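A.B. asks: For reference, the chains in residue letters:
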Amino acid sequence: MLSLYPFVGLALFVLGLLGFILKESLVHKLISLNIFLSGIFLFLVSQSLSYEKADSVATALVLTGLVVTLGVSAFGLMLIRASYGAKR
Amino acid sequence: MLVDILLSIALLWLSIGIVLKDDLFSVVVYFIVFGMILALVWVRLFAFDLALAEVALGSGITGALLLDTIAFIKMQKRED
Amino acid sequence: MLYKGVLWCMAALFLGMLFFMVATMPPFSPKLDTLVQADLAMSGVSHDVTAVLLNFRALDTLLEVGVVLLALMGIQVVSPHFRYKPYTEANTITDIYIAILLPVIILSALYLLLAGSYKSGGAFVASALLAGGIIILKLTKPKLFVSLEKLHLRFLSALGLLFFVGIGVLTLIEGLFLQYPLSYASTLILMIETLLMFSLAIILASFFINAVQDLE
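Chains as they are written, first to last, in my numbering: chain A, 1 to 88; chain B, 1 to 80; chain C, 1 to 216.
Because the hints were derived from the structure by calculation, they are not lab data. No experiment lies behind these values; they were computed from the predicted model shown. Some hints could be false.
[To be verified] Below, a list of computed lysine to aspartate or glutamate pairs in the EDC-like style, where the Cα atoms sit at most 16 Å apart: (1) C/Lys-4 / A/Glu-52; (2) B/Lys-74 / B/Asp-23; (3) A/Lys-23 / B/Asp-23.
[Stated by the list, open to error] A few chain C positions that, by computed beta-carbon distances, are all more than 12 Å from chain A: (4) Ala-11; (5) Asp-33; (6) Val-77; (7) Ala-90; (8) Ile-96; (9) Ile-98; (10) Leu-101; (11) Ser-117; (12) Lys-143; (13) Leu-144; (14) Gln-179; (15) Ser-186; (16) Leu-200.
Just so you know, even glycine gets a beta-carbon here, dropped at the ideal spot from N, CA and C.
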């Protein structure tokens, strides 16, 4: 049943994109961005699975992507704080 | 396997909840739980490095940052 | 309301198209993975993901550390105006908790770092664990790192990238950028990983700590 996961990844991608477009709150938009990045990672790793072993290049790519995602989230949250502080 | 189906349903349910809900605190809690479930999915996909990194980075540090930002926003709104 | 309904219908259509495309895709054949497995013996480590991260595609890792450092710089430019004082006081429960937990965290981070050369683990996971430990320490004892000088902290957080670039320049003497000589590969990877772990842990922890530090 491991062939189920690429489709779950696609569904996460579309749902995250919807949340990114629909939601008003900036924090909510950032969480949706994280969801659709997770969908892309899930698709990449589950699609490159062969003989009960994850592809090493895909795994390394996604590991890099996770760390960069954390950087994006942290910087984005700090900018959101700045916008809330400036509105005051 | 049944585990894969249950994990997929959990992931989809949590992400639909994130898209549909409006309360920020419950959305953040949903996101932290989403990270934990995604770590289990990485273990099912034989990518153990990713499972460790997802628990520590995606769910742990991002969750802490999000909770902290929500507290900051609430305090700013109270000061107004 | 109509706008939202149209958007949901379009999303469903898009999802259906993506499902169709993925279902009709040709099956995946692991070409790159076989290349990695064939050259694993000359990379200096026996775990394939670590070999890809720190030997075959080391330039990607170097640029990634650069991106994370750049994010930290951006945060430090923006953050001084938006800090607030956290609610903390001395407490027996949190003191005992951190005294028991922190040695375990440091020990498991070092284990993950050393295990990275032959099984799952490595510098990134270890640095994330260590950063979590530093964040818990800072939350329970807020006055701990206040006396630390800003300049030292900046040097420590840039140290991993500096060392990585220095190794790259040294490998230019013979061979290409970051093409380790065969006999030193294992030692060089372990040294780079150790320094990267400490400096990445400091960077990831300051993502959070910059946000809650009080100004006094």
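A.B. asks: All the hints need checking, so say for each whether the structure fits it.
C.D. replies: Against the structure, the hints come out as follows:
The hinted pair formed by C/Lys-4 and A/Glu-52 fails the criterion: a straight-line CA distance of about 41 Å is larger than 16 Å. Between the alpha carbons of B/Lys-74 and B/Asp-23 the distance comes to roughly 12 Å, so the proposed pair stays at or under 16 Å and holds. For the proposed pair A/Lys-23 and B/Asp-23, the alpha carbon gap of about 11 Å is at most 16 Å, so the pair holds. Not every beta carbon of chain A lies more than 12 Å from that of C/Ala-11, the smallest distance being close to 5 Å; the non-interface claim is violated.
With a least CB separation of 5 Å from chain A, C/Asp-33 falls inside the 12 Å interface cut-off, contrary to its annotation. Listed as a non-interface residue, C/Val-77 fails to keep its Cβ farther than 12 Å from every Cβ of chain A; the least gap is roughly 9 Å. At the 12 Å boundary, the C-beta of C/Ala-90 stays outside the reach of chain A, the nearest C-beta of that chain being 28 Å off. With a closest Cβ-Cβ approach of about 30 Å to chain A, C/Ile-96 is found to remain outside the 12 Å limit, as its non-interface label requires.
For C/Ile-98, the non-interface assignment is confirmed: its Cβ lies about 23 Å from the closest Cβ of chain A, beyond the 12 Å cut-off. For C/Leu-101, the requirement that its beta carbon stay farther than 12 Å from each beta carbon of chain A is met, with the minimum near 22 Å. No Cβ of chain A comes within 12 Å of the Cβ of C/Ser-117; the nearest lies about 14 Å off, and the non-interface call holds. Look at C/Lys-143: its CB is around 23 Å from the nearest CB on chain A, clear of 12 Å, so calling it non-interface holds up.
In this structure C/Leu-144 is separated from chain A by more than 12 Å, as the shortest Cβ-Cβ distance comes to about 21 Å. No Cβ of chain A comes within 12 Å of the Cβ of C/Gln-179; the nearest lies about 18 Å off, and the non-interface call holds. At roughly 18 Å from the closest C-beta of chain A, the C-beta of C/Ser-186 stays outside 12 Å, upholding its exclusion from the interface. With 12 Å as the threshold on Cβ separation, the claim that C/Leu-200 sits away from chain A is violated: the shortest Cβ distance comes to roughly 8 Å.
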